[in-house]
Each structure stands twice: as structure tokens, then as C-alpha cells.
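*Asks:* Protein chains in written order, with the working numbering: chain Z, 1 to 302; chain G, 1001 to 1326; chain P, 2001 to 2249.
A portion of the hints provided could be inaccurate.
Calculated lysine to any residue pairs in the SDA-like style (CA-CA distance at most 25 Å, straight line) [said to hold, decoys possible]:
id, chain 1, residue 1, chain 2, residue 2
1, Z, Lys-94, P, His-2076
2, Z, Lys-94, Z, Leu-123
3, P, Lys-2158, P, Ile-2058
4, Z, Lys-94, G, Val-1288
5, P, Lys-2031, P, Lys-2068
6, G, Lys-1118, Z, Gly-273
Pairwise CB distance ranges (calculated) [said to hold, decoys possible]:
id, chain 1, residue 1, chain 2, residue 2, range
7, Z, Arg-204, G, Val-1070, 37 to 47 Å
8, P, Ala-2072, G, Ser-1152, 13 to 23 Å
9, Z, Leu-171, P, Gly-2067, 36 to 46 Å
10, G, Phe-1270, Z, Val-59, 54 to 64 Å
11, G, Gln-1117, Z, Ile-75, 53 to 63 Å
12, G, Ala-1260, Z, Arg-150, 45 to 55 Å
13, Z, Leu-172, P, Lys-2158, 25 to 35 Å
14, G, Phe-1270, Z, Val-225, 42 to 52 Å
15, G, Leu-1301, Z, Gln-4, 49 to 59 Å
16, P, Ala-2072, Z, Leu-171, 30 to 40 Å
17, G, Leu-1301, Z, Ile-75, 18 to 28 Å
18, G, Glu-1273, Z, Gly-66, 52 to 62 Å
No lab work stands behind these hints: they were computed from the structure. Computed from a predicted structure; not experimentally measured. Cβ atoms here follow ideal geometry from the backbone N, Cα and C, with glycine treated the same way.
Here's the letter readout for the chains.
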Amino acid sequence: MSLQFVVDGLLTGSMIGLGAIGVTLTYSILRFSNFAHGDFMAWGTYATLAVVSAIGAMVGKVAPIGPLSFGWPLIVALIVGMAFTALLALLLDKVLFARLRSQGQAIIVVMASFGASMALRSLLEFTFTSRPTYFSRAIQIAMPVGFGIRITPDQIALLLLTAVLVLGVHLLMTRTQTGRSMQALSQNAALARIVGIDVASVVRVTWVIGGALACVAGVMIGILVQIRPFMGFDMLLPMFAAAILGGIGSIPGAVLGGLIIGLAEAGAVQLIGAEWRAAVSFIILMAVLFVRPIGLFGVRER
Amino acid sequence: MDLLGYGAFFLTTALIFSLVTLGLNLQWGLTGLFNVGLAGFVAIGAYTSALLTTPDDAARLGGFGLPILVGWLGAMVVGGIAAALTGMATLRLRSDYLAITTFGVAVVVQLVALNAQKLTGGPFGIGFIPRPFGSLAETPLLFNLSNLAVVSVVTLIAYLALEHLSRSPWGRVLKALREDERAAISLGKSARFYRVQAFAVGGAIMALAGALQAHFTGFIAPDNYLPILTFQVWVMLIVGGSGSNLGAVIGSILVWAIWAGSGTLTSILFPPEQQARAAALQIAAIGVMLCVILLIRPNGLFGDRPRRSRFSKRAKIAAGESSSGS
Amino acid sequence: MSEIVLDVRDLEAGYEPGVPIVRGASITVRKGEIVVVLGPNGAGKSSFIKAIAGLVPITGGTVFLDGKDITAAPAHTMVRLGLAFVPQTENIFPLMSVEDNLRVACGILERREIPARIEEMYAAFPDLVRQRRTAAGNLSGGQRQMLAVARALIVHPKVLVLDEPSAGLSPKFVSMVFEMLANIRKSGVTILLVEQNAKAALAIGDRAYVLVEGKDRHEGIASELWNDPVVAELYLGQRPLKSEGGSAA
Chain Z
1 MSLQFVVDGL
11 LTGSMIGLGA
21 IGVTLTYSIL
31 RFSNFAHGDF
41 MAWGTYATLA
51 VVSAIGAMVG
61 KVAPIGPLSF
71 GWPLIVALIV
81 GMAFTALLAL
91 LLDKVLFARL
101 RSQGQAIIVV
111 MASFGASMAL
121 RSLLEFTFTS
131 RPTYFSRAIQ
141 IAMPVGFGIR
151 ITPDQIALLL
161 LTAVLVLGVH
171 LLMTRTQTGR
181 SMQALSQNAA
191 LARIVGIDVA
201 SVVRVTWVIG
211 GALACVAGVM
221 IGILVQIRPF
231 MGFDMLLPMF
241 AAAILGGIGS
251 IPGAVLGGLI
261 IGLAEAGAVQ
271 LIGAEWRAAV
281 SFIILMAVLF
291 VRPIGLFGVR
301 ER
Chain G
1001 MDLLGYGAFF
1011 LTTALIFSLV
1021 TLGLNLQWGL
1031 TGLFNVGLAG
1041 FVAIGAYTSA
1051 LLTTPDDAAR
1061 LGGFGLPILV
1071 GWLGAMVVGG
1081 IAAALTGMAT
1091 LRLRSDYLAI
1101 TTFGVAVVVQ
1111 LVALNAQKLT
1121 GGPFGIGFIP
1131 RPFGSLAETP
1141 LLFNLSNLAV
1151 VSVVTLIAYL
1161 ALEHLSRSPW
1171 GRVLKALRED
1181 ERAAISLGKS
1191 ARFYRVQAFA
1201 VGGAIMALAG
1211 ALQAHFTGFI
1221 APDNYLPILT
1231 FQVWVMLIVG
1241 GSGSNLGAVI
1251 GSILVWAIWA
1261 GSGTLTSILF
1271 PPEQQARAAA
1281 LQIAAIGVML
1291 CVILLIRPNG
1301 LFGDRPRRSR
1311 FSKRAKIAAG
1321 ESSSGS
Chain P
2001 MSEIVLDVRD
2011 LEAGYEPGVP
2021 IVRGASITVR
2031 KGEIVVVLGP
2041 NGAGKSSFIK
2051 AIAGLVPITG
2061 GTVFLDGKDI
2071 TAAPAHTMVR
2081 LGLAFVPQTE
2091 NIFPLMSVED
2101 NLRVACGILE
2111 RREIPARIEE
2121 MYAAFPDLVR
2131 QRRTAAGNLS
2141 GGQRQMLAVA
2151 RALIVHPKVL
2161 VLDEPSAGLS
2171 PKFVSMVFEM
2181 LANIRKSGVT
2191 ILLVEQNAKA
2201 ALAIGDRAYV
2211 LVEGKDRHEG
2221 IASELWNDPV
2231 VAELYLGQRP
2241 LKSEGGSAA
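Chain Z extracted, bound-state conformation (with noise of 0.2 Å):
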């Protein structure tokens, strides 16, 4: 086979893997997994679609920057769409998530995670329709690399987002009192707010990291592949199997979970075909949680 697949499957794994860091985030330190995610990723990138078209309008037709297939108004849009789907995801726990989960049900959290994905994703329909749309139509050649290995600057280029974001957020875990809180929230939460943590502003920043990861991951799926209201949905299920493939509240985890997924699947879509793609996620997800439920990362709940 084609060593073609490392390419596809690292793209893929990117979009997954961002995706899976505010997934494991939120249920690692929320304690409920949200099938809202995916739509966040959806409303994301149909709200950076707004921006550049409305500063196409505003300004007239824009040179790409270099090589790639996106100017300046590219990355402005992306930085208000990451901006909006983080304040989206605020507003959602505020008005539904925070009230259901001082109840103490976190199950009925996750249904209405559901409903609030339904919703959410047929409003784009109603707004946008279902037609697939693009960022740009303009077909960028692929520069052969070796070893039969074909790249696009601009997937060069997401490759090297990908990287600097996940850096970013592993130092600001690892390395700033804001992160130190997040690890502590999931640790032991009443332990958190006894040394002075205090919860509602962490729960915040949470939301606005996993929001605006995941208008990323859609803004690639958008540049890459297309964008439709289903792109989110359809990217739920890879993101929950990289978040427990790597084990839950990791991210590294995630990450390489991501990574491991989008090769994967790249493998089977050049062994089994296309179609076959999402049953890929299943099978991991399926012997991840027979062979070591607790993941690569993971720690056992105690």
C-alpha cells in the first residue's frame, strides 16, 4: 500500500484529536460526556464562513498568503469563529448544562448534551441548508515529498497549527495555576474548592478551550474536506474513542488517540474503502474497552 495514508491519517488524527481534547476535558472535569461537541465544531466553522464572507464583502477579493489556498481574512474569521463557539458553549451550560448538573443526575446531563446536538445541528440546517460548502474552490497541487508521499501547503500548514495548539495547551495544563485548578477540579472536586479553587471560573475556561479547539478542528474539516451541519455529528464518535482510547481527562491522550484513529481509518480506506471509515472508531473503541478500559493514559477511578 500507498504510504499516502501517513499524510491522510495525521489530518485526520489533527481534527480528531483537537476535537477529543475538549471532549476528555469536559468529561473529565464536568463528569459527562457531550454529544453537543461535534455541533460546537459545525457552528464553529459555519460561523468563520460568516466572517470571511463578510470580510470578503467588506474588502473586495484578498491574495492568498503565499502557497496557501487562504488569505489574511482566513485566520481573522478563524480567531472571531473560535471566539463565538467558545461563548456558544458558555451559553449552553449556562442556560441547560449548570442547571441540570446542580441536580446531581450526570446522566440526564448527558441526554440533554443529546437533545441540545439535535437542535443545535438542525438549526444549521434551517439556516444554512444541507448543501455542502467550501472555504475556497480552488485546487491546490500536492508537492510530492518522497516515498510516494504527496502534501498540500495548505494541509503543511494545519499540520503545523495542530502541533503549536496542542503544545499550548499542554503547557498551560501543565505549567500555569489555571491549569494546575483544571487538574485539580478533576482530581478531587471538593478538594478544589477547599484550597481555594474556585469552580464556576474553571468550568468556564474549560468550555472556552474545548469550544474554541473545536471551531479548529471544523475550520480544518472546512478547509480540507467540506463543510455541512453533519461534519460535527459525524466526528463524534473517532472524538469519544480518542478521548478513552487515550484514556480519559488526558491529553496527550487524546492527541495520540486522535492520531492512532486518523491512521486507522486512513489505513482502511485504502484497504477496505471508504465507506468502511467509521467502523473504524467502533472496533477501537470496542477493544479498547474489553483489553484496558482505563486507556493508554488513563488512571483507574477509584
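Dock chains G and P against the given chain Z, drawing on the hints supplied.
*Replies:* Below, chains G and P without anything else, positioned relative to chain Z:
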């Protein structure tokens, strides 16, 4: 006459939904097991029964031309086994894992339905599924009424059996386990086995509902089993009130009435090219409705789960759980 | 007599409304004292002290810290107000290093003050220095208790509140922990502790209260309380097993 025929048709569909909701109520309402992939189990039942009962088709495996009742039994067995396997994989873990796994089951079943052409007919699905009163199809009213009679009888049997089960010692154990997830996990194998049983029986009932639906319409395709189905049934159970079998049935009829009614309304109000968008808005509205019910009336109409105060014993357990590390 | 640091008046608290576990308990703690709260099993000692720390809802009465009413203050504001609490169990973050356990508690300190303050804690608890990079979950029971106390002290609390610091420890560690508390008091820190191990606690305490059925039933000088007949009847008589006082929680 037309109205009566439509009424029978409507009620038949609503009662098939009721059957799925009853299965979910056994899993969630009685046992506290979270199934967000129930569309997958319904699909398994529909395809199994279709495969067993349709006449031989050169393009795919089977069909085997077996009697309809054999198809329904087969659907229950396969659906039950699928649910039992799902349960065994996840029931020693926190409930979120079951949720994620069932979600995955639905994705994979959808994938198989779409892509395993030799088994499922692919995107075009399976047709010529025998109908229990196919000979009556000439007179639609009689046909609809006899279908309604069959579905009513099956639903009634399921309802009575589940009522009996929930009052039996078995049901009481399940309720006790539902109240304390931690105990349910730590009690080990025996408790887990109870929960797997409940999940399997629930899955079998959902599969039976899928089979009924298949034989009632005579045609199935992957599109019938999208996540929207899971969502509809959840709304039905929550509206009716989880924990109550009566609530499951009434909630299903009520929500299906709202769903079908608002569907008719949008088809009248919106021009054909806007139909898809209007349908999306309808789903969004019902998604919001689910969240609102969870917020203001988590017991639904007939639910038996006491609403717990912030600092109840249960909340203490939850706090203890969250303080014990991840 | 020195000034009152902590003044708890007629405290009522419990998880469910209408079902108080603490039913009108009053105590005072003066600057520089060690005050011990004793009581038979189920007397509400733990709920009492958790209510003071903001962890159990208070339904009646008041708590004053340094003259300020902190009855309604949320748990996470307690360190800023000057009350540092050490829970009985699960009082460290097991997956974080010893140093991060200390650092995460420094939220209210000035940023530049933190490194020096951490070094001061290491100086006070030399056992922790060698373990600074170790995950706290791998520490021994006694070391965990030290870390938990160091983490509470790092923010210069006006009063250190401990819930059964000797619970679950082997006898060797029990005496070590009480020695540590006595030393902390010598450095000027005010201490309030709930204990099951009455003998050891009274040996280091200045004054003690006996809590029965959620109310303070008796107060006295710690060294005299051990021989007090009322206490013997109320408390010692109900003690399930004399030698296991420390672990019966």
C-alpha cells in the same frame, strides 16, 4: 371513512413507537441504562425479520421465506444478543461508556445497512416484506384496522409483561441498582448480570418493534434508522415520564401526534423547496422541547423518579464520586 | 486572654432541609490555641467542622472569623478569609506532584512570594523535599497527611481546621502527626481539630468540647477533660473499642 383509515394508520405507527419506548423504559426508566443508539437495535430487528421472511432474492443473502412469526422471534433473538454484547462490554464501567458504545452501535448498524449490499440491499433497502394481512391490501381501511389490531395486541402483551416484570423481585433489584450506580458497579458480577439481562430484553423489544414496522410498511431502508429515531423515542419517554410503562405508551402517542401534526403543518405552510429547512426547524424545536422538559419537569407526565434536592444523599454520593479522582 | 479568632454560635447544619445533623453547637477558638472537638460516633463532629468550612449547608446560627461573619461564604473563599481546612481523607491530589499540590493551593498569594513560601514549607516538612517530583498518590499515609497540612499552612491561615488527622494512620504515624500539630502551634498558628483519638488529642490540646447529638454538651481544659466523669459517661463509655479510637471513623 378516510379519517378512520388515517386514524388507524396513525395509531399503528404510534403504537410501534410505544413498543420501542417500552423497551427503552426497561433499559433507562427501570434500570438506568443509557441507550443513545436504539435506532441501531430497531434496525437490527427490522433487517433480521426481513431477511428471514422475504422470498428468495438472487441479489442478496436469503431471503428465506419463513413465516412472519419466525421473523419476529428471530428479530428478538438477534436484537437481544446484540444488546447483551453491548452491555457486557460496558456495564462494569461508568454509564457514559454505555452511552458512547450504543451510539457507536447505531453508527455501525447504519454503515452495514448502507454498505453490506449482499446482506441488506444497501441504500435501496429491502422490499417485498410480507405483510400479515397482505390479502386485505385491496380494502385499505380493513387492512389498516387489522394491522392496528395486531400491533395493539403485541404492544398490550409487551406492556403487561413489563408491568409484571417491574413488580417482580427481578424488577425490584433493577430499581435498587438504578438508584445507586456505584453500588451497581461494585456489587460485581451478579448485579452486572441483572443489568445485562435488562438491557438485552429491552434490546429484544426494540428489535421486535423494528420487525413489526418492517412488516407493516413492507419496505425498509437505512434512512428509517437515523439518529433522529433515537431522538424521537427519547423525547417520547421523557415526556411520558421515565420509569412508567403507561407513561411510555402515552408519551409515544402524544409526541407522535405532535410530530405528525407539525409535519403536516409545515408541509401546508411551506413551499416544497423549503420543506427540508422546515423539517430541520421542526427537529430543532423538539430538541429544545426535550431540554426544557428535562429542566422544568424531569419526571414527565407519569415518571416515578423522585426529584432530588441539591444536597440529598444521592448528591452526596455524586460529590463523593467526583472527589475520588478520575 | 487572647482575642477570639473563630466564634461559632448555635450552628445548625445538614444535607437535607429539616434534617439537621448539627443542632445548635457553639464553640470559640482563641488566638494561638489548639481546640479539640470530641464526641461519640455519629455525634456530628465531622459535619460540624465541614459546615464551618462551607462544605455542609448551614441552616442556622453564625460563624465569625476574626470578627467577620463568614456563615454564608462559599467553600472556595475560605482560604482567602483565613480559614484553611484539611479533610479527613482524600486530602491531596493523587496524580499531581507534591510540588504542584503545594503550588495549586497558592492561588491567593502574590506570584513572587510563591517560590519562597514553598521552600518554607519544605523546610518545615523536610520529608517532602525529596519527594517534590513524586506523584502525591505514591506517598505514605503519614507523608500524605504532612503534605495536606503543608498545603493548608502555605496560605498563612488565621486558623487551621483539621478533620481527624490521625484517622487511618498506623500508631507510629499517629504520634508523628500530633507532634507535628504541637510544633505548628508553637510557630503561632491557631488550630481547631476534630478527633476520635481523644487521648492523643487532649495531650496536645488547650481546651476541648464534647459534641453529642449535634450539640456541644461539655467544655473544659484539655488536660482535665480526660478525667472528667461527665465526659467519661458521655464519650468514653460509648467508645466502641478503646484501642481503636483512632481508626473507628
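*Asks:* If a hint holds in the structure, say so; if it does not, say that too.
*Replies:* Against the structure, the hints come out as follows:
Simply put, Z/Lys-94 and P/His-2076 have alpha-carbon atoms about 20 Å apart, close enough for the 25 Å limit, and the pair holds. Restraint check for Z/Lys-94 and Z/Leu-123: the C-alpha separation of about 19 Å stays at or below 25 Å, so the hint holds. Between P/Lys-2158 and P/Ile-2058 the alpha-carbon distance is near 21 Å, which keeps this suggested pair within the 25 Å criterion. Pair hint Z/Lys-94 plus G/Val-1288 holds up; C-alpha atoms about 15 Å apart against a cutoff of 25 Å.
At most 25 Å may separate the alpha-carbon atoms for a hinted pair to count; P/Lys-2031 and P/Lys-2068 meet this at roughly 15 Å. As the CA atoms of G/Lys-1118 and Z/Gly-273 are separated by approximately 16 Å, the hinted pair is consistent with the 25 Å bound. Checked against the given bound of 37 to 47 Å, the beta carbons of Z/Arg-204 and G/Val-1070, roughly 57 Å apart, lie outside it. The hinted window of 13 to 23 Å between P/Ala-2072 and G/Ser-1152 is violated, with their beta carbons roughly 58 Å apart.
Checked against the hint of 36 to 46 Å, the C-beta distance between Z/Leu-171 and P/Gly-2067 comes to roughly 43 Å, which is consistent with it. For G/Phe-1270 paired with Z/Val-59, a C-beta distance near 36 Å fails the hint of 54 to 64 Å. A C-beta distance of roughly 45 Å is found between G/Gln-1117 and Z/Ile-75, which places it outside the suggested range of 53 to 63 Å. Restraint check, G/Ala-1260 to Z/Arg-150: a C-beta distance of roughly 52 Å satisfies the suggested window 45 to 55 Å.
Here the CB-CB span from Z/Leu-172 to P/Lys-2158 is close to 33 Å, well matched to the stated 25 to 35 Å. The beta-carbon spacing between G/Phe-1270 and Z/Val-225, approximately 30 Å, falls outside the hinted interval of 42 to 52 Å. About 56 Å separates the C-beta atoms of G/Leu-1301 and Z/Gln-4, a value consistent with the hinted range of 49 to 59 Å. In this structure the hint that P/Ala-2072 and Z/Leu-171 lie 30 to 40 Å apart at CB holds, the actual value being about 38 Å.
Restraint check, G/Leu-1301 to Z/Ile-75: a C-beta distance of roughly 52 Å breaks the suggested window 18 to 28 Å. Under the hint 52 to 62 Å, the C-beta atoms of G/Glu-1273 and Z/Gly-66, about 42 Å apart, miss the expected range.
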